[in-house]
Structures are given as C-alpha cells and as structure tokens.
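One letter stands for each residue in the lines below.
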Amino acid sequence: MSRIQARFSALQAAGRKALIPYITAGDPAPAVTLPLMHDLVAAGADIIELGIPFSDPMADGPVIQLAMERALAHEVSLRQVLEMVAEFRQRDNDTPVVLMGYLNPVERMGYDEFAREAAEAGVDGVLTVDLPPEEAVDVVPLFKARGLDTIFLLAPTTTAERARSICQQASGYVYYVSLKGVTGSSALDVTDVANKLDMLRTVTDLPIGVGFGIRDGATAAAVGEVADGVVVGSVLVNQIAANADNPDAARKAISAIIAEMRGAMDH
Amino acid sequence: MSDSNPIDFSAVPDARGHFGPYGGRFVSETLMDALDELERLYRTLSDDPAFQAEFDRDLAFYVGRPSPLYLAERLTQKVGGAQIYLKREDLNHTGAHKVNNTIGQALLAKHMGKPRVIAETGAGQHGVATATVAARLGLKCQVYMGAEDVRRQALNVYRMKLLGAEVIPVTSGSRTLKDAMNEAMRDWVTNIDDTFYIIGTVAGPHPYPELVRDFQCVIGREAREQCLTQAGRLPDALVACVGGGSNAIGLFHPFLNDESVRMYGVEAGGHGIATGEHAAPLSAGQPGVLHGNRTYLMSDEAGQIIETHSVSAGLDYPGVGPEHSWLKDIGRVDYVDATDDEALHAFRELTRVEGIMPALESSHAVAYGMKLAASMSPEEIVVINLSGRGDKDIHTVAGIDGISI
Numbered sequence: 001m002s003r004i005q006a007r008f009s010a011l012q013a014a015g016r017k018a019l020i021p022y023i024t025a026g027d028p029a030p031a032v033t034l035p036l037m038h039d040l041v042a043a044g045a046d047i048i049e050l051g052i053p054f055s056d057p058m059a060d061g062p063v064i065q066l067a068m069e070r071a072l073a074h075e076v077s078l079r080q081v082l083e084m085v086a087e088f089r090q091r092d093n094d095t096p097v098v099l100m101g102y103l104n105p106v107e108r109m110g111y112d113e114f115a116r117e118a119a120e121a122g123v124d125g126v127l128t129v130d131l132p133p134e135e136a137v138d139v140v141p142l143f144k145a146r147g148l149d150t151i152f153l154l155a156p157t158t159t160a161e162r163a164r165s166i167c168q169q170a171s172g173y174v175y176y177v178s179l180k181g182v183t184g185s186s187a188l189d190v191t192d193v194a195n196k197l198d199m200l201r202t203v204t205d206l207p208i209g210v211g212f213g214i215r216d217g218a219t220a221a222a223v224g225e226v227a228d229g230v231v232v233g234s235v236l237v238n239q240i241a242a243n244a245d246n247p248d249a250a251r252k253a254i255s256a257i258i259a260e261m262r263g264a265m266d267h
Numbered sequence: 268m269s270d271s272n273p274i275d276f277s278a279v280p281d282a283r284g285h286f287g288p289y290g291g292r293f294v295s296e297t298l299m300d301a302l303d304e305l306e307r308l309y310r311t312l313s314d315d316p317a318f319q320a321e322f323d324r325d326l327a328f329y330v331g332r333p334s335p336l337y338l339a340e341r342l343t344q345k346v347g348g349a350q351i352y353l354k355r356e357d358l359n360h361t362g363a364h365k366v367n368n369t370i371g372q373a374l375l376a377k378h379m380g381k382p383r384v385i386a387e388t389g390a391g392q393h394g395v396a397t398a399t400v401a402a403r404l405g406l407k408c409q410v411y412m413g414a415e416d417v418r419r420q421a422l423n424v425y426r427m428k429l430l431g432a433e434v435i436p437v438t439s440g441s442r443t444l445k446d447a448m449n450e451a452m453r454d455w456v457t458n459i460d461d462t463f464y465i466i467g468t469v470a471g472p473h474p475y476p477e478l479v480r481d482f483q484c485v486i487g488r489e490a491r492e493q494c495l496t497q498a499g500r501l502p503d504a505l506v507a508c509v510g511g512g513s514n515a516i517g518l519f520h521p522f523l524n525d526e527s528v529r530m531y532g533v534e535a536g537g538h539g540i541a542t543g544e545h546a547a548p549l550s551a552g553q554p555g556v557l558h559g560n561r562t563y564l565m566s567d568e569a570g571q572i573i574e575t576h577s578v579s580a581g582l583d584y585p586g587v588g589p590e591h592s593w594l595k596d597i598g599r600v601d602y603v604d605a606t607d608d609e610a611l612h613a614f615r616e617l618t619r620v621e622g623i624m625p626a627l628e629s630s631h632a633v634a635y636g637m638k639l640a641a642s643m644s645p646e647e648i649v650v651i652n653l654s655g656r657g658d659k660d661i662h663t664v665a666g667i668d669g670i671s672i
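Quick note, the sequences are listed as chains A and B, same order.
Take the first sequence: its letter number 249 is residue 249 in our numbering, and every next letter is one higher.
Count along the second sequence from 1, then add 267; that gives the number in our numbering.
To be clear, the hints were calculated from the coordinates, so they are not data collected in a lab.
Quantities reported herein were computed from a predicted structural model and do not represent experimental measurements.
Be aware that a few hints might be false.
Now the stretches of chain B that chain A is said to cover, found in silico as 3 or more residues with beta-carbon under 8 Å [stated by the list, open to error]:
#1 288-294
#2 299-313
#3 403-417
#4 447-459
If the Cβ cut is set under 8 Å, some of the chain A residues that face chain B in the computed set are [unchecked claim]:
#5 F54
#6 S55
#7 A73
#8 S77
#9 E135
#10 G181
Note that CB positions come from ideal geometry on N, CA and C, so glycine has one too.
Extracted from the complex, chain B is given alone in its bound form (with noise of 0.2 Å):
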C-alpha cells in the first residue's frame, strides 16, 4: 500500500460498528437494547480468558480443527504457477467453515440464558451449522430459509430437520437468502426476549460484523502459521469467496498487517457482470443501507434492492459484510469475480485432479486461484479457502450435467 501511515486494522470498527463509511446499526428501536447488551456481554466474554478457552475446545474437539492446510501438487502442476495451498475448512465438522461461528454464538447465547436460536440460511450450511450447535446445546431452533433455496438445498433441509430443527420456507420477496434475513429480524424483534439470533456471515447491524469476524478469525490465524512452518514463509497471495464474506474476512484479517500478502476476495459472477445477473455488489454495486449496517449493496435507481443471481446459494445476496466494503475502499483487498461456468469447471477440475469436492461457494475462489496461480512463478505461494464441502451442491451439478438423481 502506498501510504505512509500503517492502518491499524485492529482500531476497526469503532465504538460504534463504523468500518469507516460503512457498518453501524441500522435497525427499528426495538432492537437497539437487545443489540446493547449483546455487544456489552460481547466485550466482556471475548476479553475473558475461560470463554476463549471453551471457545478453543469445542473447536478443537467437536468441530475438528486445526483443519489442514493442504498443499495441492496435481493442481499446481497442472495450473503450472504459484505453489497452490487449500485451507481445508470442508473439513470442519459439519463440512464448512460456517461452523466456527455458530459454536462461537452459541456459547454467547448459552452465557446470556435464552433457551431458543432463530438463523438465517441461503445453501443452508449456516442453518446445519446452527441447528447442530443447538441439538448439542439443547436449545430450541428455528432456520428461515428462502423457498427457493428450501427447493434447491433439499438435502440440507432434511439434515436441518433430523437435528431437530423447524426450518421455515420464506415466501416473501425474491424468496431467497435476503429475505430469509427479513423474516428472521422479524421473529427476532417478536420474541427478543428468549430468542437468540444467531446471524451467519459478517453482516447484520453491530455488533454482528465483529463478533463473527472475530470467531471466524481461526482460519487466517491457523494459515497462517500452517504456511510459516511448512513453507517457511508467508503466503503471497489469498484467495476466498465473498457472498456475505464470512470466510474470506476470516482468512483475511490475520495477515491484513503483512503488506506483502495481496488478497482477493471472489464475487459470483453469475453470467457476468455485463448482463447484470449476478451476485457481486462489491464490482458492480453502490453503497446503501440493508439488514442493519450499509455497505455495497445491489440495489436500483430508486434504492430498491435487486434480484441477484448465482448458481451457489451461499452466494446468492444482494449485500456484502461492511468490513469488505471498508477493504475494497482502501485498496487493501482486491474484489474480482468468477462466472457460474467458472465455478462449475473450477468444481469439476479440484474433484478430478486432486480428489477434493468443493462446495460451489468455494468453487468461485478456486476458479479465481487457479488463474492468479498461473499468472504467478514457481516461488510463489497461493492460499485458497476452501471453505466447504461440495456433496450438497451435486444434485445441481447434476441438473446441469441434465441427469436426476
């Protein structure tokens, strides 16, 4: 970066959630006392050395970690570049790095005594991810889901529901992951006495976007010691998926001091920019206010939000976590993105060669990683996030290939 005065990337938010222009509490009255005291239990806990370490626990022996950091040889050869690095949050217990932060909230739910969870999902990992904690946890969970998404996630439906789960089709709206957000913030603001909503990306009114950035924090710090002791040295270059963005800041913010580490965060490209169906309001978006903070949204001219397109319903969200908008803003991370053919040949690719099935969340920064890698020398080190497991997505790719099963 070209100024002189180092950011301290630590000083970020605020007292009051501003990632510069973006972040904030955007929300009716009635949610600001119970955002109060979440944020005050927040403050408390994350300085409080017994919760980080039932935090560690439960990472290390119910979800699994640390996850590997694999390095992928058969795809490095074939992309013929950069050294190609997988972080392997498919790994985690549940099959995606959503898991991180639903054990983290969890445990704040637990500490604050309410008996109940509501989520959010779009693929549906975020719900599995939530339902799974509160079947551990004994809690009452209840997942909003698009109908759309109910549609295309069947799989993840069931799981949610074999975990005991009562997962609510939204029909609302373009029925997809922004209007499950709606219907939780409405169950949310009815039963804020009991409930504890449990949000699944780095968005949402503060302190949201802190606190999962903070429990999603142990990728990058994992990877990035992963890469000093079997490389040697740091990374070069990041690569993750941005929907909401939950992975990516994860991976990210560890290694935003190390100034010769480039980032690139992964947009869905849907069909392309150019035909404006897509998912990439960090390229393509302008700033607004949505589901409690602003940042990059796509909305139209009239500030109405749009329909957004990707064949990974992770992905499918009009808006992005404010910390990225911040990033983007300051040049510190670059936003790009891959196309849904990218992804699905980017998915069909790792799966051949090295026997790894993404996610097609994780497909489009893979699609990216590989063209970086082959823009880049023999030396040089690229990570991708491979934040999740692909057998979800096979009934789609299959639809595609035009085979039912």
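Here chain A stands alone, though its shape is the one from the complex (with noise of 0.2 Å):
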C-alpha cells in the first residue's frame, strides 16, 4: 500500500479528513523548505503538496507566481526539490509527499530518470498540471512501475464521462478545482462543490481532494464536510510574501493558520 492509500485509509477509520497544505519549494529561500515542511506536519498536516519552480506558471495568479519567482531567484531546479524531499524522508517516513508544478522540468529531466530518482528520493504522487489523461498514456505506467501516484485535475467544466476516464488513470487521489479559475481565486461555493462532488462519487472510489477558494479554518471545515481532502495554497504563501524579510515570522504564522484549519475540521 502506498503512503498515500495507508494515509487516507487512516484518516477515514478515525473519521477525519486529509488537511493538504501547498507551499512552493525554495520560497523564499531554499534553506526554509525543510523546517517549513516540518512544521506543516506538526501542525496537523496529512500530505505534503510541494511546488515544483517553473518560470512560466500558466495555471496560478499572482500569490503563487510570485513564490515561484522568489525560488527562481535562488535557481532551485527539480533536481534540488527532490534532495529537499529525500532530506525531509530522514525525518519523517510516513507523511506522503506529492509533486506539483509543471510538465517541461519534468520533460527536460527525462521521464525514466524523473521516475526513478523521485521514487528514490521519497515522493509519494506527482501532479503535473499541464498534463491531462490524454497526454499521459505513456507516463502514468512509467510512475506506476516506481511505485509513484499520478495525481490527476477534476474541473467544474469536466464531464461525467470525461471524468471517469480520469479516474481510471489516476492513483492515490483525485484533486477537485473547485471554481473555475487560477490558484487564490476568490472564495468558492460550498453547494457548488458538493453537488459535483456527489457526481464524480458515482465515478469513483478514490479520495477526492478539494483546492481553490480556501481562506480559512471556516471553509477547511465545510469543504472537509464533504470532501475526502482540503488542499491549501495560496493563503499560506502569502504568509511568506508578507513576511519577506523573516521566513520565522512567516513559518509561525502558517503554522497557525494550518492548525485551526486542522482544529475546524476535526470539530
């Protein structure tokens, strides 16, 4: 059983549901990864989303450009964010780690060398954004055959039909966007996300995270309300925009944030 399967199926003995913090690696400077992650995890994280630095982030607003930008500046690459997930293994051999960013890093790297590397590193999923089940066929086997999730995009604009054969190609868990939009997007619809989460239920029996649109401990606690998992982004990186020039600012005050959204939904 992978570690994210072992996770989620504890989580759903206890009742409770997965809180899934997202950070850029390398913001705002490599060195405040690791502690970073740490925290995350003390303060009652279940998986670890971790950002992959891409120059051109088509997919995010300005929060989580801006991170990249900030990692960019520090040239962390894809090679460093896998020493930063090894290094994190030494401590902690049981919090999943899932990979997030974009295709051409991935691509440059070259996908058998990716797989294994990471695999060997310690990361539990990746999520590509730009790659969509169609473009996929030759790599989800390539991930399997490491032992890697390929974590895969539901949208409100995706069809039932499109949607089962999403799910038939994605492992550990699917990741609901809940509005239609870029990262840190404006608040989202409870109701809305509910009622395509009962349909994307009919679909499959995989856990379904749901990201965008969470500020707070409130809306952590009504969309854990009928989702398998909570993913948070922007909220937490903007911690560290506002925090520039003291990343132990930065990490309290996103350690508190995580801890009462852990708090609201575990109420």
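Now that you have both chains on their own, put them together as the hints suggest.
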C-alpha cells in the first residue's frame, strides 16, 4: 500500500479528513523549505504538496507566481526539490509528499530518470497541471512502475464521462479544482462543490481532494464535510510574501493557519 | 526528399492534434472542455460551405485579398541571382498577415455566441488585428501585452485603444510575448463561459495550431496560383520568418506536396546564435512543453524557459508552432536564422531599392531571401513572404540611428 493510500485509509478509519497544504519549494529561500515541511506536519498536515518552481506557471495566480519567482531567484531546480524531499524523509517516513508543478522541468530531466529519482527520494505522487490524461498514457505506467501515484485534476467543466476516464488513470487521490480560474481566486461555493462531488462519487472510489478558494478554518471545515481532503495553498504562500524578510515569522503564521484549519476540520 | 513513400501532409495533425511527437493539448483540466467544444465547432464549420464563403467574403472585401505577388525587379538586379517575388501580406488591412487568422477566429467566436474576445500580442500586430475584428463585430476586447513590448510598440498600443480594446500590460516574468500568453491563458480559464481566446499564432493547445494554419493557408494558396499564372511555373524556394510561425506555415503548407519547392523558415538570430541572445528554438533549442503544446523551446538544463532576444518584438518568443518542429525533424523545411543586424540591413535595403518598408519581423525573411537568391541562378524563383509593413518599427529603427522622433 502506498503512503498516500495508507494515509487516506487511516484517516477514514478515524473519521477524519486530509489537510493538504501546498508550498513552493525554495520559497522564500531553499533553507526554509525543510523546516517548513516539518512545521506543516507538526501543525496537522496529512499530505504535503510541494511545488516545483517553474518560469511560466500558466495555471497560477499572482501569489504563487511570485512564490516561484522568489524560488527561481535562488535557481531552485527540480533536482534540488528532490534533494529536499530526500532530506525530509530522514526525519519523516510517514507523511506523503506530492510534487506539484508543470511538465517542462520533468520533460527536460527525462521521464525515466525523473521517476527513478523521485521514487528514490521518497516522493509519493506527482501532479503536473499541464499534463491531462490524454497526454499521459506513456507517463502513468512509468510512474506506476516506480510506485508513484499520478494525481490528476478534475474541474467544474469536467463532464461525468470524462471524469470516469480520468479516474481510471489516476491513483492516490484526485484533485477537484473548485472553481474556474487560477490559484488564489475568490471564495468557493460549498453547495456547488457538494453537488459536483456527488457526481464524481458515482464514477470513482478514489479519495477526492478539493482546492482553490479555501482561505480559513471555516471554509476548510465546510469543504471537509463533503470532500476527503482539503488543499490549501495561496493563503499559506501569502504569509511568506507578507514576511519577506522574516522567514521565521512566516513559518509561525503558516503553522497557526494550519492548526486553525485542523482544529476546525476535526471539530 | 529521400523517403520513397511520400508523406501525407493533409493527415497531420492526428485526431488529438499531434504532428509527430509535437503539438497535443497540454493544459489544465479546466480548459479541456472548452477546447473540445472549439474543436467540435471547428470540425463542423470547416466543412460548411456557408462558413467558408463567409470567411472568403471577409478576406476579399474587408482584408483586401488577394494580396499581390510582386516581382521585385530592382532588388533582383541588385542581388544578382534568382528572381525575387514578394508576397505582399503587408498590404492587408491592418498591415500584416495576422488579420487572416483573426477574421477566422472572430467568426468562430460569433458562431459560439461569445461576447468577449481576448488575445496576446508581442509586436502588437495580432493585438491590432484582434481589436479590429472585435470593433467590426461589436465584441468586447482585451489584449495582453508584455510591459516591455508596450514600451517598444507604443504606436500599436494606441491603435488598439482607438479601436476600443483595452490593453493590459503584463509585468510578470520577462514582460514579453510569452508572459502575455500566460496571462491570456489565466484570463481564459477564469472567464471561460463568455470568452473566446484568439491565439495569434500556430501554437497553443490543439486545435489552435491546426485552425490558425488553415486560416493562414490563404497566403500559400494564392501565392501558388499567382506564381503559376505570372511566372508560368512553381517557385524554387519559399522564405518566411518564424516566430510562432503562422505566416510561414500559411505560405509553406499549400506547397508541401510540391517536392521541387524548397522552403526556408528564418528565425531571429538576435546578436548571433553563438551568443545565446536570440529567439531561435528550432536552430538552438530542444523539445519541451509550453503554452499547451510540445515543441522546440528555448529552456535551460533545469527546464526553465529562458529569455529571448530579438530586435523585432514579434519574433521574441521562446517557442514555435509544433508543425514547424515536425517539419524540421522530417527535413521538409530548412530552418535558418538572420541576426538583428542582417534584418536591419534588409529593412533599409528593401525600403531604398523597392520603396517597400518591411516589418522588422519580415526583414529577417528578406535578409535570408536575398542571401539565398544570390546563390541561385537567374532562371530560378524565390518567393519571400512580406508578412507585415514596417511603419510600427520606425521608432525602433530611428532609435538605433540615434534619432528620437
């Protein structure tokens, strides 16, 4: 059983939902990422989505664009991101880590080499936002052979028929993007999300994480009512921007937000 | 070509938009349904004689087609080689080939009932062509343009404003065309219900490379017929500049099955390929994925897209249309480059010798075309695509001359 499956099974048995924070690797500086990952776990994170910096983050709003620019100012590469995960694994062998990013850095490294090195580093899943299932037919088996789950996105515009075929290729969990837009967009509508998840439950048994528009404990708890996991990104990354010269303050603020969400979700 | 089985060029792209290993649809899930819808509509309309008639009518009476194929006699004499013909896309309404495509896509937007169109633009030619058709059809229009390009192309920015479009300067990344395209994609994913994204070149996710090509193929169809009529035979070589590559594919595609016709796509050599400061992914890049398609790109070892340089904003782009990547790999088209200096020399030469002022983009094709013609015999024919006129570049050239106007 993969770390991701094990984590969702354990949560389900305990009647709890997964809290899945996103941070960009290397933001605001490479040295901050490892302690921040451990902070997230200590504050109540169940799975970590670690962003691979990319020069052209087409699906991201300004908050995560700037995070990537801060990381790229330190020339943080995919190889360094893998090293960070390997280092994280020295102290944490249980918390699943999903790499999230865009395809070109992976393509440039080569799919075979990436799959091998990611698995060796202790990565559990890969979510490349610009790799829809149609283009992933050769990639998914390569990842699977190394024990990596391929996480795919589902959107408000995804039809039931399409969702079924996406979920057949996905493993670990699927990520439902709660609204049309980029990361960091405005608040989501929980009723809409609930309706869409009802449909998605008819086509898949995979756990469903929901992200985009989750800003605080209240929205996290509301989404946790209907989803298996709650993904939160921009509101955390915002703390790094707001404490640009003080990473320790950013870490504290991020931990506080995660702890609040954890409390609200478990209440 | 050496291959004994001729390639069926009409069979690409395949059903999922692949040109060999290139092209495809690499976008986030939210856009997939809209791209499916666009593809379905395009399949229906491209077989519909009424739609084709509507498109042809607009090209004739609004754009002013056919554009002439002009024998540049003085330039031919001066170069002293093959006869040089210019395909005069610069004479189109709005001054470049871009309008062929925006007319077509605006008709698609109209058929889909979308009240708002968006576009990305580099030099501003595609933005102007989009703002123009939006004005004509009464569509709301917003154009994303890199802040650096807004500065370089002030004239076109004001033209777009006069046409009723809103120009949104993009300050992320390198502040040029690629960043404008990122921002247009972000807008589209947010406003997908009421917005049609008019992509300006033969790149982006399927079906854009195919439909933009189809709309631009009017260039090559006309040139082929005009050459047969005026010169009594096919040309020996075609030359066109390649940024994203829409004017080049428009000229080349209708000739692909004519094995005797050689083709040259001219990339922006900037300060010289060896300096690394250029915009020539086919000459010096490698395959990767950006803006919805797999194609040759300029990226570093880590897969980050690198900044490009060209004197012409319209060629200042790190990618290229996926069909060009495929045509390069199969050897049907030769991809070469012309530097900033060579393009500027050609700009001045054509202006003085023929009284035709080319866009700096097109000047790259003129530069290589002159060089090529000089190596050929007087019986041979070279067709150069003069994809746009140079009025928009007068400030840039004056600046290089040390004159502020």
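Going through the hints against the structure:
no.: 1; hint: 288-294; result: holds (count 4)
no.: 2; hint: 299-313; result: holds (count 3)
no.: 3; hint: 403-417; result: violated (count 0)
no.: 4; hint: 447-459; result: holds (count 7)
no.: 5; hint: F54; result: 7 Å, holds
no.: 6; hint: S55; result: 4 Å, holds
no.: 7; hint: A73; result: 12 Å, violated
no.: 8; hint: S77; result: 4 Å, holds
no.: 9; hint: E135; result: 5 Å, holds
no.: 10; hint: G181; result: 4 Å, holds
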